[in-house]
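Asker: Residue numbers (my numbering), protein chains in the order written: chain A, 2 to 110; chain R, 2 to 110.
It is possible that some hints are incorrect.
One copy or two, it doesn't matter: identical chains are merged, so the pair holds either way.
Said to hold, decoys possible - Lysine to aspartate or glutamate pairs mimicking EDC-like chemistry, simulated, CA-CA at most 16 Å apart: (1) Lys52 <-> Glu66; (2) Lys78 <-> Glu57; (3) Lys5 <-> Asp98; (4) Lys63 <-> Glu82.
These are calculated hints, taken from the structure and not from any lab test.
Please read these numbers as outputs of a predicted model, since none were measured by experiment.
There are 2 protein chains.
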Amino acid sequence: MNVKSNIWLEVDGKVVLSLWRVQLLKAVQETGSISRAADVMDITYRRAWDKIHQSEERLGVKLVETQIGGAGGGGAKITPEGEALIEKYIALITGVDTLLQQRFTELFP
Amino acid sequence: MNVKSNIWLEVDGKVVLSLWRVQLLKAVQETGSISRAADVMDITYRRAWDKIHQSEERLGVKLVETQIGGAGGGGAKITPEGEALIEKYIALITGVDTLLQQRFTELFP
DNA sequence: CATCGATGTGCATATATTGCACAACGGAAA
DNA sequence: TTTCCGTTGTGCAATATATGCACATCGATG
Chain A
2 MNVKSNIWLE
12 VDGKVVLSLW
22 RVQLLKAVQE
32 TGSISRAADV
42 MDITYRRAWD
52 KIHQSEERLG
62 VKLVETQIGG
72 AGGGGAKITP
82 EGEALIEKYI
92 ALITGVDTLL
102 QQRFTELFP
Chain R
2 MNVKSNIWLE
12 VDGKVVLSLW
22 RVQLLKAVQE
32 TGSISRAADV
42 MDITYRRAWD
52 KIHQSEERLG
62 VKLVETQIGG
72 AGGGGAKITP
82 EGEALIEKYI
92 ALITGVDTLL
102 QQRFTELFP
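Please work from the sequences and hints to get the whole structure.
Answerer: Put into structure tokens, the structure is as follows:
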């Protein structure tokens, strides 16, 4: 047995940011494209695109700037608003998981 | 926008206890039957029964003792093992949510 | 002006969730 | 002893959600 946790941000009861979504956005940031980020996350481009745009719609904020066509077919990068949101999310969840792991090992020896 | 969290216990990657499941078990404890607990939780008996037995199977531990037929048609109560597990879960998650709420209001003014 | 790899999207399929319907049960009351 | 009641337990249909395939579209570069 082991403990797991998830911390997410909601708008109108709908998820806009979770650890998984942050990892996806970071993969976009590192690879420069949604499709390569999807490869890294081991999901389809369809799903990556859906989740990102879901968050964007619900937030009313553009998280990724995309370019269709052009050099290399196009690409995507995180907007400043997106980066700021990611930073805040990281600050929000920092330490919580290790706290839970510590408590768990104490309670379930 | 607001923050939400979930903390759960897993066995073989499958959920065996979460806040929702603990609330369900507590409702069984208070009402003395799964069907009335389902009413309290505003779910069908089917779903309540499924979730409880799911947890029991995965844990390999009986969480509720049930009686079919008899006075009032039957009933259910939490086993000592179930109560102990609930107590540990509560101790595990205590304070985490308020910590997150505090951080959230600081980070998202 | 043809090429290439990425974005964007419709739609079919698979999977999980939910809920309806009904059988089985047994203590209590008649 | 027999009927009655509300509960447990379960098969299966209906619904919702997630997943993935297929393909059109785009535009800077060489």
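Asker: Hints numbered earlier in the text: which of these fail when held up against the supplied structure?
Answerer: none
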